[in-house]
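Protein chains in written order, with my numbering: chain A, 1 to 627; chain B, 1 to 153.
Hints listed in this document are in silico derivations from the structure and should not be mistaken for laboratory results. Ideal Cβ positions, reconstructed from N, Cα and C, are used throughout, including at glycine. Please note that a few of the clues may not be correct.
[Unchecked claim] Short, incomplete list of chain A residues facing chain B, as computed with Cβ under 10 Å:
(1) LEU67
(2) ALA73
(3) LEU207
(4) ASN456
(5) SER487
(6) THR491
[Claimed, not checked] Restraint ranges, calculated between C-beta atoms of paired labels, are given here:
(7) ALA531/A x PRO56/B: 45 to 55 Å
(8) SER146/B x THR104/A: 13 to 23 Å
(9) GLY147/B x ALA531/A: 21 to 31 Å
(10) LYS190/A x GLY140/B: 32 to 42 Å
(11) GLU64/A x SER107/B: 26 to 36 Å
(12) GLY224/A x ALA99/B: 58 to 68 Å
(13) SER146/B x ASP573/A: 15 to 25 Å
[Claimed, not checked] Take a look, some chain A residues computed to stay more than 10 Å from chain B by CB distance:
(14) SER68
(15) ARG148
(16) ILE220
(17) LEU222
(18) THR273
(19) SER325
(20) THR449
(21) ASP453
(22) ILE467
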Amino acid sequence: MLFPVDSALRTDARAVSADDTYDAVVVGSGISGAIIANELSRAGKRVLILEAGTGVDRTLAGYESYLSTFYGAASKDNQSPYPDNPNASMPRSPELRKLQPAETDSSSYMVQSGPYVTDTVFTRVFGGTTMHWEAKTPRMLPEDFNPRSRFGQGVDWPLSYDDLEADYQAAEREIGVSADVEDQTYLDQKFPEGYVFPMKGLPLSYLDKMVGKGIDDTKIELYGEQYPIKVRPYPQGRNGIPNPDYDGGKGYKPVGAVNTHEVEEGGRCQGNTNCVPLCPVQAKYHSGKTLAKALLNVQNPEKGTSPGKIDVLVQAVASKVVVDSDSGRVSALEVKVYKDPKSSEHETITVKGKIFVLASNAIETPRLMLASGLRSSSGLMGRNLMDHAYLLSWALMPEVCGTMRGTSCTGGIIDLRAGSFRSRQAAFSVDIHNDGWGWATGAPFTDLTELVDGHNRFGADLRRGLIDRVSRQLLLAFMIEVMPSESNRVTVDPQYTDQLGNMRPVVSFTVPEYSMRGAAYAREFAKTVFARLGAEDHTRYDPSDYGYVTYEGQGYAIRGGNHLAGTHIMGKDKSSSVVNTDQRSWDHENLYLVGGGSMPSIGTSNVTLTLAALCYRSARAMLKQLH
Amino acid sequence: MNGQLESFIGLSILLTGFDAVRLRGSGMAEPYLKAIGAVLPPDVVGDLLSAYEQLPPGSERERERVLESEILGDPRLGPVARNLIVLWYCGSWTQLPPAWRAAFGESPLDTNRVISGAAYQAGLQWEAAGGHPPGANPQGYGAWASGPQRSRE
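Please construct the entire structure, taking both the sequences and the accompanying hints into account.
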């Protein structure tokens, strides 16, 4: 499959502005925007997609330029492949610093007004954050949908697991999930009889198996209850071996790279250990795959279909949602279209459509709404910002485990995703990182310089030292749930604007006590696991770390998870939520705010699969509305 | 340059613990020699290579001992030799220590940086540890499930 060549040509901004035949205008080309555009187009609707980034990666040369930028970058952080674009800036973790009490740091794009400094990021390029996502795709557990009634925490969803089950399947098909049902059937996780994932599960790493050898079938006790633990594989949004039993025996054809013919790439994961920040071969799903399919289908429709045309306007930053004050309907979007990322020169156009879909992400969508003066009659626009809190613990295994090979993460310990303890403390899932201590310490570079400069190692002695030091590294990343809290929020402030004059997001965040109790327990859990493995614990948290949080006298470095959610929360009524179960705004009947922002809670699931599933539901509602 | 290159590779073998085939095969020997020539004050590269050439013939262990005292233990050549190890292992140049710069000269090129995309991909550190540089030279689907070479030895 290949992006149609003409889709890489720039759509003319003036023609777009003069066009009043769009059924839907979609802001953002990430997974939400791509799924919705594809679903609407398949039903014959005309769609305009606005993308703030440059869109270079639609061509192979463009995609490869990201890879070259990554190879040459001194810091290999999760935005390192994506060049600075002051017209569509994004947060970058190397720019962060610790805040003093009551201090606000506006030196980087996302203004941090504290007290906690989050290194969470989203990516403003064509394909959105699916360009750098790690592509773990667990479903939420049935009990994650009603934490208020079950545990007295957070808020209940207006939907149940069963309401979303079929849409989870659609999302798993679109992303191309590799997993085995027998591995994923745990903690009341249910799948329909006979269901199989599109591709077979990726094998556990040797490191996972070494951890498993030490802990499988052991138990831990929490508030008087016993929980058996073991290492299990995660479902993954990257290509594996197609399952011939998929779709009632029809099988599944993986989608590889979408901008190259000569080099057939990406049909199967090669183990580049670089899911974040960029899969070099596109074996990992990115939303360009969905868009390529949608655009191709317009050119060569399948038998019996007459899909609607999709226009993609890149370098187009939505800057205002214009609302008709009588009807409350959105009448247009103001869009700033720039020619060159380095220059603020732009023209402002307005675009019109029957419905409008904001699909940027849980920071940018409320930012745009608030910058347009639209706070939601619930007052909740931008509030209830959530993201998983990550706590890292790291140790040296007693023997060489082959760390630094594989996908970034193949397995983990997920037995504490559920349980009655959730009435007191946050649940978590634990990732076993195949890429060593890099996230926590900057390994293996820091190990190398310590051996060379500190221990005067060289030659064969240095090689032995590195094997001993790096190949034994075990990093456990605890992904801790965070419940909604109205004071954790995104706002805007006219004193903080970007190069185009758009207001930048201002984030205020405190890691809730419920999550910190989970974090404190996570640290103890890690010690138990390390003891059972005979591993040397090397964990230490630096008080000068920007994410350093003190809880009950102990300090922890908390990291962001890039699992942004909650800022336009979904609910049953207009006073307690921003959108309904179709992600349609309560205030504006032709406006949909889609993505993680609609999720009332996130449990211990990476958010993408669930927000993708919600978009199938929304697309059906949009089609109903358009008919 | 050719004579220098031979000595540079000889020195690099001792410093990195990788053999001539591996170092030449990386394609990075010439670019690295050029890079250190550009970043270091005149004579430092020449003196470093002369010091290598003057190592006594004999067993590897003996040569290593003299390398430790005459090169790695030398205030002017030692930090450069250690930087050379890091260069081969990561493809990155790291800024020399402040005391070194004050004593022996500063250069605008003496900054922390990746020499090139190819240098990153040729870094020896992952190979030394049984892995591969993230994003390059992958071992193939499912290779991660097998024990690393080292543990099978």
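Hint by hint, here is what the structure shows:
1. LEU67: With a closest approach of 7 Å, the LEU67/A hint holds.
2. ALA73: Holds. Min distance 7 Å.
3. LEU207: holds (8 Å)
4. ASN456: holds (7 Å)
5. SER487: violated (38 Å)
6. THR491: Violated, because the Cβ-Cβ distance from THR491/A to chain B comes to roughly 36 Å (cut-off 10 Å).
7. ALA531/A x PRO56/B: 45 to 55 Å: holds (50 Å)
8. SER146/B x THR104/A: 13 to 23 Å: violated (51 Å)
9. GLY147/B x ALA531/A: 21 to 31 Å: holds (24 Å)
10. LYS190/A x GLY140/B: 32 to 42 Å: Holds, at about 35 Å.
11. GLU64/A x SER107/B: 26 to 36 Å: holds (32 Å)
12. GLY224/A x ALA99/B: 58 to 68 Å: holds (59 Å)
13. SER146/B x ASP573/A: 15 to 25 Å: Violated, at about 55 Å.
14. SER68: violated (5 Å)
15. ARG148: The claim holds: ARG148/A sits with its nearest Cβ about 41 Å from chain B, beyond 10 Å.
16. ILE220: holds (27 Å)
17. LEU222: holds (31 Å)
18. THR273: violated (5 Å)
19. SER325: The claim holds: SER325/A sits with its nearest Cβ about 51 Å from chain B, beyond 10 Å.
20. THR449: violated (6 Å)
21. ASP453: Its Cβ does come within 10 Å of chain B, the nearest being 6 Å, so this is violated.
22. ILE467: violated (5 Å)
When the structure is compared with the earlier hints, violations turn up for hints 5, 6, 8, 13, 14, 18, 20, 21, 22 and for no others.
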